[in-house]
Every structure is written in structure tokens, then in C-alpha cells.
Amino acid sequence: MKIVAVTACPTGIAHTYMAAEALEIAAKKLGHTIKVETQGSIGIENKITSKEAAEADLVIFAADVAVKEDIRFAKKPLYKVEAQKAIKNARLVVEEALKFYETNA
Amino acid sequence: MLINENLILLDLNAETKQDAIEALASLGYRDGRIDSLETYVENVLQREQTYTTGVGNGVAIPHAKSNSVKEAMIVFGKPTKAIEWGSLDDKPVDMVFLLGVPEDGAENLHLKIISQLSRKLMSEEFICTIRNATCKSEVMKALGDI
Numbered sequence: 001m002k003i004v005a006v007t008a009c010p011t012g013i014a015h016t017y018m019a020a021e022a023l024e025i026a027a028k029k030l031g032h033t034i035k036v037e038t039q040g041s042i043g044i045e046n047k048i049t050s051k052e053a054a055e056a057d058l059v060i061f062a063a064d065v066a067v068k069e070d071i072r073f074a075k076k077p078l079y080k081v082e083a084q085k086a087i088k089n090a091r092l093v094v095e096e097a098l099k100f101y102e103t104n105a
Numbered sequence: 001m002l003i004n005e006n007l008i009l010l011d012l013n014a015e016t017k018q019d020a021i022e023a024l025a026s027l028g029y030r031d032g033r034i035d036s037l038e039t040y041v042e043n044v045l046q047r048e049q050t051y052t053t054g055v056g057n058g059v060a061i062p063h064a065k066s067n068s069v070k071e072a073m074i075v076f077g078k079p080t081k082a083i084e085w086g087s088l089d090d091k092p093v094d095m096v097f098l099l100g101v102p103e104d105g106a107e108n109l110h111l112k113i114i115s116q117l118s119r120k121l122m123s124e125e126f127i128c129t130i131r132n133a134t135c136k137s138e139v140m141k142a143l144g145d146i
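Protein chains in written order, with this note's numbering: chain A, 1 to 105; chain B, 1 to 146.
For reference, chain B alone in the conformation it holds in the complex (with noise of 0.2 Å):
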């Protein structure tokens, strides 16, 4: 599984996109997922250097291909207040997705499973149900019909 509760966080302190990335990141660490904490906070923040990854609407998708991660994850974070990402149409985002995928040996499925998951990104109603999600299991729900 990409995805379990243990990878949701519905209320997130963060008060800039480097602190959210390393709250959500650490929950992959526990998890199991990634290795070095450091090296893929490093590589993500690299990522969101080349562009942004604020996709607009209030969404997020910070995500790298890297070394440390170990097993594919999907993070997700919901900031207790809406954090500057310098996104695309410029308004602070409110979910952050945040995605890893190992350098090497990816599986295709997961990754064929993010990549729907980008395109569901664009979909508004999909956006809603995640946003208005009270629980964790409704999170899971949503994510889970990808």
C-alpha cells in the first residue's frame, strides 16, 4: 500500500513549506519508508526548487525520486493554516501531497498509482472530498478509489 493512516496527518503545524515537508517526511521515515530523513528532505527541497510544486487550488505535490526511499509512500498533510508555497496561481496551499519513489526498481504500479493520483489532482470534486475529510479512514477512502 502507498498509503496508510499512519502516512495522514490532519492536523499539521507548519508554518513554511520546508517545515511541512519535514513533518510529513518524518511520518514516512517511521513508517519505514525512507531511510535517510536528511537525504530525501535534501532531494525533495532540490525538487521544489526547479519548480514549484504548488499545483494551484490549495494543492501540493512536493515529491522526489530518491536513493533513500525504500518503499513507494504517499503523505498526506492537512495544515492546521494555509502555508506560502509560491504556487502557480499564487494562493497558499492547505493539502499537501507529498510523494517518494526509490531511484531504482520502482514498481511500476506505484508509480502508475501516483501518476493517476496527479491526474485526479485536477478533478475539483476529488480536490473537495479530500479537503472537507474530517477523519483519516475518509482520506483513506478517497485515495483508496484511485
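Just chain A, same shape as in the assembly (with noise of 0.2 Å):
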């Protein structure tokens, strides 16, 4: 499965990177390949292109702010949740994000 995901947090300092460290170690474990953008304080980095967004099988928003330029996986199946629940417990994350997959494919 290819998964993409971005993280986002309100002051971008931290909750952005740990979640997104922990949903590539999650996504990884289970097998899938996994790119994970970040919006955080230094910016837009590791971005997901329009050409990678249209091959994803499933997106991950694991932010707590709007996340910018959504309109890249408007068509694809998208689930969302706060980042810290990806801190907490990313394969669980990413479990349920594939079930969602699954149901909404």
C-alpha cells in the first residue's frame, strides 16, 4: 500500500515532527511505504508532489491545523486525525486508516 500523510501542529515546533516520525516507523513496520510531509515552523518540508498525491492509494492528515494545499488529494481517500494521537499510538493510526481504506476505496 503507498501512503501518504502530513503533519501539522499549532506552533510547529514539535508535535509535526514526532508524529511524523512515528507514522514512518509505524507504516514501515506493517509493511507500506510511507512518505510524510511536515507544515511546521520552517515550512512546507519533504513535500508530497501532485504526481506522488495522484498515486497514493490513502492519505493521512495527522494535524491539528488546516493543513495547506488539501486540494492535492481531493480525490483520494483521506483520513484525519490530531497528531497527537499519531505520537500516541501510530500503528494504530495507520490500522485504522487502512480499514477506512478498505470501507471507502
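Since the hints were made in silico from the structure, they are not lab data.
Note that CB positions come from ideal geometry on N, CA and C, so glycine has one too.
Just so you know, not all the hints are guaranteed correct.
Unchecked claim - If you only want the chain A side, here are some residues facing chain B, beta carbon under 8 Å, derived:
#, residue
1, 21
2, 25
3, 74
4, 87
5, 88
Join the two chains, each given in its own frame, into one complex according to the hints.
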């Protein structure tokens, strides 16, 4: 499964990056490929291109603020959670997102 | 440098989250990183209310982007007794990383290092190294590898 994700939090200093790291680790452990874009205090990093968005099976937003340029993901199954949920239990977030994909794709 | 030995406290005596934040912020103040202790602490506590910075595994990362911060900093404190922090996993905290970033003109390099520290905190190995550190130079070394 090809997953793309975006993480963001209000100050963009810490949670954004912790959530990104947690999702990367969890998705890889579960045998999926993932690219995580961070929208934090440094700006957008590891940006997901329109092509990558188009090729993805599933999109996860782990964000507490509005995700910028979300138009890229308009046609994709999108699973949204709070950033802190990804920090607390990223594996569960990925598993729930996969379930969401199965019922909505 | 974001951190130096003046910004490390291996015997943090604090009963509450607020005590801990105040004590560590004072180190930043004494090191010239912040010019108003009161404003900075208030900003950190406000951030804390948005949602907890107790990210689990005994780690807390209270932080603020604040006008009172003159130079970005990481202050590390190891409480002598674990502190109730309202963490994501409900466990008390035995490692506190207090982060401060200036409101304007925060250098990208500093923000980058702080973002890398945040990522590192998801690694159990990294947490273990710091948790087991018995002297400031060990903490410096672990953080220096970021």
C-alpha cells in the first residue's frame, strides 16, 4: 500500500515532527511505503508532489490545524486524526486508516 | 549552540509541571536566552493548555515560540521524582526538554535541530541513552549527535 501523510500542529515546533517520525516507523513496520510531509515552523518539508499524491492509495492527515494545499488530495481516501494520536499510537492510526481505505475505496 | 552545560539540570526538584517549567526556564534566563522569565513561562503554560506536551514514555517537551526568547534554546531537566504531566500515556514524566524559539527571525538552523530532536524522541534508544546519563557531558554528547 502506498501511503502519503501530512502532519501539522499549532506551533509547528515539536508535535509535527514527532507525529511524522512515528507514522514513518509504524507504516514501514506494517510493510507499507509512506512519505510524510511536515508543515511546521520551518515551512513545508518533504513535500508530496501532485504526482505522488495521485499515485498514493491512501492519505493520512495527522494535524490540529488546516493542512495547506490539501487540494492535492481531493480525490483520495483521506483519514484524519489529531497529531497527538499519531504520537501516542501511530500503529493504530495506520491500521485504522487502512480499515477506512477498505470501506471507502 | 542550542544547549550548553548551563542549560542542563540533572537533579530537578519540582513537585508540579509548573514548578519544573519555571525552574528550567530560570536556567535559560540566567544563560541570557530569555529576557522575561514571566512572559516566557506564561507562553509555555498557554501552549501546555492547548494540549499536553507529555508525549509518552516519561518524556515532556514543553515549548513556546515567544517574544521573550532572544536566542533559541533547549533546556534539559531530569526530575529527581517523576512529575505528573497529564501525558498522552498517563505516565509521569522523568525527562523534560524545555524548548524556546524566538517569535520572529527564528533561525531555520535552530528550528531544524529542534525538529530533529523531536523526531529523535520517538526513538527508544535515544531516550534510554539520555535517561541513563549520569553527567552533563553524556547528555551533551547524546544531544550533540542530533
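Handout entry: Index of numbered hints that the structure contradicts, given in increasing order
Key = 3
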